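Visitor: As a plain string of letters, each chain reads:
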Amino acid sequence: MSPVFTQACGQLPGALGGHVLVSACALLLAAATSLPLAALSVRSPRLRWISLAGASLIQTIPSLALLALFYPLLLLVSSAAKAVSGHGFPALGFLPALLALTLYAILPMLRNAVAGLAGVDPAVLEAADGVGMTPSQKFWRVQAHLAAPVVMAGVRNAATWTIGAATLATAVGQTSLGDYIFSGLQTESWSLVLFGCAASAALALSVDGLLALVESGLKRRDRPRIAVGLGLLAALLIGALAPAVAGSFRPKAYVIGAKNFSEQYILADLITSGLEREGARVSQKSDLGSAIAFRALAANDLDAYVDYSGTLWSNVLKRTDTPPRAELLRQLTVELKRRYGVTVLGSLGFENAYALAIRKADAQRLHVASLTDLAPHAPELSLGSDLEFLSRPEWRALSSAYGLKFRSERRFQPTFMYRAIAGHEVDAISAFSSDGRLAALDLVTLADPKGAAPSYDAVILISPHRAADARLRRALEPMVGRIDVEAMRRANLAVDRDANKLSAADAATALAKALGL
Amino acid sequence: MIRFEAVSKSFDHGASLAVKEVSFEVAKGGFTAVVGGSGSGKTTLLKMVNRLVEPTAGSITLDGQPVGEGPAPSLRRRIGYVFQGVGLFPHLTVAENIAITPELLGWERERRRARAAELLDLVRLPASFGARTPDALSGGQRQRVGLARALAAEPKVMLLDEPFGALDPVTREGLGDEYRALHERLGLTTLMITHDVQEAVLLADRIAVMHEGCLLAEGEPGALSADEADPVGALMSSPRRQAGKVAARLGAPPA
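Chains A and B, in that order, are what the protein sequence lines are.
Numbering-wise, the first sequence is residues 804 to 1320 according to the working numbering.
Numbering-wise, the second sequence is residues 29 to 283 according to the working numbering.
It cannot be assumed that every hint is accurate.
Unchecked claim - Some residues of chain A that are not near chain B, with every Cβ distance over 10 Å (derived): (1) A926; (2) Q940; (3) W943; (4) H948; (5) W993; (6) R1024; (7) A1129; (8) R1141; (9) S1173; (10) R1210; (11) R1277.
What the hints assert, rightly or not - Some chain B residues close to chain A (C-beta under 8 Å, calculated; not the full set): (12) N78; (13) L80; (14) P101; (15) Y109; (16) G113; (17) V114; (18) F117; (19) T129; (20) R213; (21) L214; (22) C242.
Since the hints were made in silico from the structure, they are not lab data.
Model, not experiment: these values are computed from the prediction.
Using N, Cα and C, we set each Cβ at its ideal position, and we do this for glycine too.
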């Protein structure tokens, strides 16, 4: 077996448990909402119209956006709850995923339940009245019974869909089978992506199969068949959740965050293994967007993660000036502590700046070495960026300082951005200066002589609650100032290259070994 | 005894009346058929007895008790109701269908089982039918089960709404005669709706004629058909005229 596969299997209990938990809760909650709503809607055409229109409207919101939108909303509610009762709740992970998936699952269930209940033969309903049933006896003994197969078909649709969509929950920090897909996409580990897809599909198909058994049992009024279907579903649920439940009796884990690129996975694994050497239990939330990661740390949903000084400077502190590297770091440390209670433990020792990069051949042909040189050629060139760069203040600063105006601008997952410049689909990219692929793809980064962009020291951040945590400091302090940019590039390339790829965890182990950690 | 007193029903807040001030009574043990065309208000009139429809004005009493007193479900459990759609519960067996009202009344399982068997016999269905589901029955068999279900809780009053309307003529005639026999044997009070005057004449003791919500006439069939110049008389004597024509066309029955 390949090491990637072995490692993927090792993470399966956790990923599957998280996936099943959030999907099952979302389906139960959606059923608890939509089935009573359907029962009421059958009696009131107005309510039927409103509820179906509402559910359809929700369905039109792209699923990833719906998941993401719940995070700021929950953060707001959580801080309000904290102000009122003194207790907040984690706004990242389970809750936003649960709510978004629930909203999505409502439409198929509601639509089928309304159709099923309304489709019962009126003669049978008249007979139910005629033999002297009360309205509730008529509903439960006759109408609900006869609608059950159609209702179940809706539940099956919702279940298949929810289990597939739950892979997106990874983006808001809920552990799911999407962990494989997101990290596989970032590190170009297609086998990992396939593993995630296959696991999620297998889960969806087994649940659908068992629900089909229940459905056919309802149709044939075959009680043993229904019992077997429900029993196996319960067994699947318990089996998937058992490792998580067993784990919850152990002391609370440290939660380490990672954004959505290879360097972040490697550093999160480095921190994780450091903590595990100290005997701590650690869980990770990866594939977080920049803004989400910092807010999650400030809200104590994460305990530590690595971010970049310039990113925090522009995006969190909203500063547009660019002081020298050491001064920026000093002010950042003071301000994050003062405003958010977040500790900047220190710089790891390398910078990962946003830098525009072009192919070396183009640089030589056009005699371009800096952004000043690039500006006159920009209108003939197309720019590829990662998903967030074009929306960030750094890009506004750079483009206005040098008057950069490209022929076109396109956004990519970082992986595909490098593919795009290598394949001549774009001419310039928003590269990361510590990325091993720069050298591997023969790209050159362009200097910023006006100092328009801030410096981007990789810094370890610690959440307010863990500020005085001795074990966390013991584990992380040895890393401060130890990682130079060459070491980081080598580690990144080991994960990103096509041949002899390492997993992020293996690259982290190799990095730790090379640095003597 | 079923007594209607100035009963009216409007489905559109008084703009029009589906039933207009109808008064008559069905004596204890009596069998009255209500005849009339579609939209004459005859079904509405019947459904007001077991409160599937609530009257807008007037009162209906059963043995002197206003039907509007007390909860509708317990009233309906005391009245047998058979309608053209039958409405057997497809998720229950024939025996469970028959015993549904006794079950709602809280009868013991053993008593329900015995009652279902007794009724299958009464409506001349084999006992083995009890375990079948309704979809395995023919139209006539379903209507027999519907009749058994209506009789299960030993009601004294039966409401029949076009009970045999969807059946073929032979089945229809047989089932009609059987019902008439049951009506006698069980001492029932029956109110039956039909658009078929011949059926009404053959089965009922008295006939009520409805037209556009109004009760045109009520009385014994012979009395109603006496005057053929009167529209009611013309309607009531139509079976006799038709029988004459049928006999003429078919000729004398073979010896």
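Visitor: Would you mind marking each hint as holding or not holding in the structure?
Guide: Each hint tested on the structure:
1. With a cut of 10 Å on Cβ distances, A926 (chain A) falls inside the contact zone with chain B, its closest approach being about 3 Å.
2. Some Cβ of chain B comes within 10 Å of the Cβ of Q940 (chain A); the nearest lies about 7 Å off, and the non-interface call is violated.
3. The claim that W943 (chain A) lies off the interface holds: its Cβ sits roughly 12 Å from the closest Cβ of chain B, which is beyond the 10 Å cut-off.
4. Chain B draws H948 (chain A) into its interface by the beta-carbon criterion, the shortest separation being 5 Å against a cut-off of 10 Å.
5. With a least beta-carbon separation of about 50 Å from chain B, W993 (chain A) lies farther than 10 Å from that chain, consistent with its non-interface assignment.
6. Remark: the non-interface label on R1024 (chain A) conflicts with the geometry, its nearest Cβ contact in chain B lying 6 Å away (cut-off 10 Å).
7. The beta carbon of A1129 (chain A) sits about 78 Å from the closest Cβ of chain B, which is more than 10 Å, so the claim that it is off the interface holds.
8. Look at R1141 (chain A): its CB is around 69 Å from the nearest CB on chain B, clear of 10 Å, so calling it non-interface holds up.
9. Here S1173 (chain A) stays apart from chain B, with its beta-carbon at least about 79 Å from theirs, past the 10 Å limit.
10. Distance to chain B confirms R1210 (chain A) as a non-interface residue, since its nearest Cβ pair spans about 68 Å, more than 10 Å.
11. Consistency note on R1277 (chain A): stated as away from chain B, and its beta-carbon is indeed over 10 Å from all of that chain's, at 67 Å minimum.
12. Interface restraint check for N78 (chain B): the shortest CB-CB distance to chain A comes to about 7 Å, inside 8 Å, so the restraint holds.
13. A distance limit of 8 Å between C-beta atoms decides the matter here; for L80 (chain B) the minimum to chain A is near 6 Å, and the interface restraint holds.
14. Checking P101 (chain B) against chain A: minimum C-beta separation of about 5 Å stays under 8 Å; hint holds.
15. For Y109 (chain B), the interface hint holds, since its Cβ comes within 8 Å of a Cβ in chain A; the closest pair sits about 4 Å apart.
16. Checking G113 (chain B) against chain A by beta carbon gives a least distance of about 3 Å; that is within 8 Å, so the hint holds.
17. Hint status for V114 (chain B) relative to chain A: holds, with the closest Cβ pair at about 7 Å, below 8 Å.
18. Interface hint at F117 (chain B): satisfied, since its Cβ lies 6 Å from the closest Cβ of chain A, which is below the 8 Å cut-off.
19. Annotation: interface hint on T129 (chain B) holds; nearest CB of chain A at approximately 5 Å, less than 8 Å.
20. Proximity of R213 (chain B) to chain A is violated relative to the hint, the smallest CB-CB distance being about 22 Å (cut-off 8 Å).
21. Taking 8 Å as the C-beta contact cut-off toward chain A, the hint placing L214 (chain B) at the interface is violated, the least distance being around 18 Å.
22. Among the interface hints, the one on C242 (chain B) is violated; its C-beta lies about 26 Å from the nearest C-beta in chain A, farther than the 8 Å criterion.
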